[in-house]
Amino acid sequence: MAKIQKIKGFADLFADEAGKYTFLENTARAVFSRYGYGELRTPVVEFTELFAKGIGQDTDVVGKEMYTFPDRKGRSLTLRPEATAGVVRAFIESGAYQPGGVYRYFTFGPMFRYERPQKGRMRQFHQINVECFGSPSAFTDAEVLLMLADFLTAVELERLSFEINTLGCPDCRPAYRATLAEFLGKIPDEALCEDCRRRRAANPLRVLDCKVPGCREASAAAPSIQDKACGRCRANFDIVRAALSGAGLAYVLNPRLVRGLDYYQGTTFEVVSGDIGSQSSVAGGGRYDGLIRTLGGPDAPGVGFACGMERLALLLAGRPAEKPDFHIAVLDPAGLAAALSLAQQLRAAGFSGLCDHEAGSMKSRLRAADRSGARQCLIIGGDELATGTVVVKSLATGEQTTVPMERAASALGK
RNA sequence: GCGGACGUAGCUCAGUUGGCAGAGCACAAGGUUGUGGCCCUUGGGGUCGUGGGUUCAAGCCCCAUCGUUCGCCCCA
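So in this note's numbering, spot 394 of the first sequence is number 434, and the numbers just go up one at a time.
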């Protein structure tokens with residue numbers, strides 16, 4: 041019988057690793073609350089249609105990476121590959137939107153994409169997501185970015201680079217796209233990789249993003265969106281840049297920054313680390329003004345970002361586990377019941393600790409106490425049982441005293 | 001979906017031209033009848049990922065398969 045094991049690309053996170061995730065979530069909660077954001081938890085499964093419409097039918101995520109399956113009534117469900125679509129759906133469904141209002145949400149949780157796993161990329165992965173609905177202002181873009189930077193500073197990640205770009209709006213992007221496509225059309229086939237030859241007609245912006253050196257060279261002189269953006273987009277982007285500089289946040293202007301999900305427009309950004317292998321992007325986001333309407337909601341604008349917890353965790357030092365205050369060592373089986381009730385009293389008094397449930401030799405019990413990392417060991421053997429006492433031994437210094445059992449808590453207390 | 005590397009004890013890994021499966025760490029007991037960490041001794045532990053093939057003989061060679069991992073692609 042083959043051993044049952046976890047699914048490829050899924051992970052079990054024990055103490056050290058799990059601790060990083062709760063640390064990330066707790067500090068995210070604290071930081072985002074200071075900006076007026078509230079937590080929202082949405083389902084992990086949605087109707088497939090939501091993602092197909094929201095993310096874009098021709099993206100890789102929708103085209104080949106979704107966990108999609110029929111439920112018992114034959115409806116097509118999918119495990120969410122990203123959070124924004126679900127949050128937007130919840131927002132629309134709640135009916136909370138009033139024109140002019142601004143709505144701020146953050147959410148944590150697992151996402152699923154059927155990809156080949158590698159460093160920093162799991163099939164079940166975890167994101168911290170932030171979404172702000174209702175504000176068309178570039179100051180909101182800037183504040184969201186600053187909040188992300190604030191969070192990353194709070195978790196003590198410093199060596200990260202912030203890249204920003206604008207993708208243009210529905211007014212100016214089509215024209216830019218056309219001139220870019222025209223430029224790319226003149227490049228001889230041999231100069232581009234196979235993917236880019238296909239992309240230059242279908243999705244010319246993505247050619248800019250190609251990592252193949254030849255393609256980089258070929259597109260080096262391509263027209264930049266920075267020059268072709270409309271006045272409003274430029275003005276907005278200037279506001280964002282000025283706000284970041286004003287706040288002292290260093291950033292890199294990356295005109296080649298193109299996001300993979302169709303709904304992005306206007307300001308986009310990515311946070312990159314050079315220390316975690318080839319999946320180097322730890323966070324990414326931007327503005328998605330058309331999305332809420334696309335999904336059947338009001339014509340409300342949106343901005344947000346997603347932050348990959350696996351990738352942040354790679355950068356985080358392990359969090360040392362909490363050490364217990366006491367370990368009760370039992371030398372005589374007759375002492376097991378007294379040991380457990382003593383342990384309960386100590387826990388009720390606020391101490392943390394472990395208690396032997398099987399008796400053993402002094403040597404084996406003390407070794408176990410030592411391994412647990414406990415500060416103090418309480419020893420209950422035949423002598424102590426006879427006199428109603430307990431030995432309180434410091435595992436650091438080796439000093440020990442014998443006290444009546446009911447005084448154990450105060451003996452631990454100092 | 002494509003490519004490379006790797007699967008031997010709980011963990012990290014040796015294993016020669018194919019010739020009786022090993023070390024370190026960890027664990028357990030003892031050295032010390034009730035005193036841990038350091039040290040010493042002893043001990044328990046393995047279908048060599050799985051299934052085929054070649055061979056007198058396979059951990060080693062061949063094929064397949066599963067898993068892990070790094071990269072491509074894509075993305076957080």
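FYI, nobody ran anything at the bench for these hints, they're computed from the structure.
Even glycine gets a Cβ: it sits at the ideal position worked out from N, Cα and C.
A portion of the hints provided could be inaccurate.
[As the list claims (entries may be wrong)] Think about it this way: if two alpha-carbon atoms lie no more than 30 Å apart in a straight line, the pair counts; the simulated DSBU-like pairs of lysine-lysine are:
(1) Lys403 <-> Lys433
(2) Lys159 <-> Lys226
(3) Lys159 <-> Lys268
(4) Lys226 <-> Lys43
(5) Lys48 <-> Lys363
[Claimed, not checked] Label pairs and their in silico Cβ distance ranges:
(6) Phe109 <-> Gln266: 18 to 26 Å
(7) Ala58 <-> Ser134: 28 to 36 Å
(8) Ala287 <-> Ser318: 40 to 48 Å
Verification of the supplied hints:
no. : hint                          : verdict
1   : Lys403 <-> Lys433             : holds, 14 Å
2   : Lys159 <-> Lys226             : violated, 38 Å
3   : Lys159 <-> Lys268             : violated, 37 Å
4   : Lys226 <-> Lys43              : violated, 57 Å
5   : Lys48 <-> Lys363              : violated, 33 Å
6   : Phe109 <-> Gln266: 18 to 26 Å : violated, 44 Å
7   : Ala58 <-> Ser134: 28 to 36 Å  : holds, 31 Å
8   : Ala287 <-> Ser318: 40 to 48 Å : violated, 31 Å
Comparing the model with each earlier hint shows violations of hints 2, 3, 4, 5, 6 and 8; every other hint is respected.
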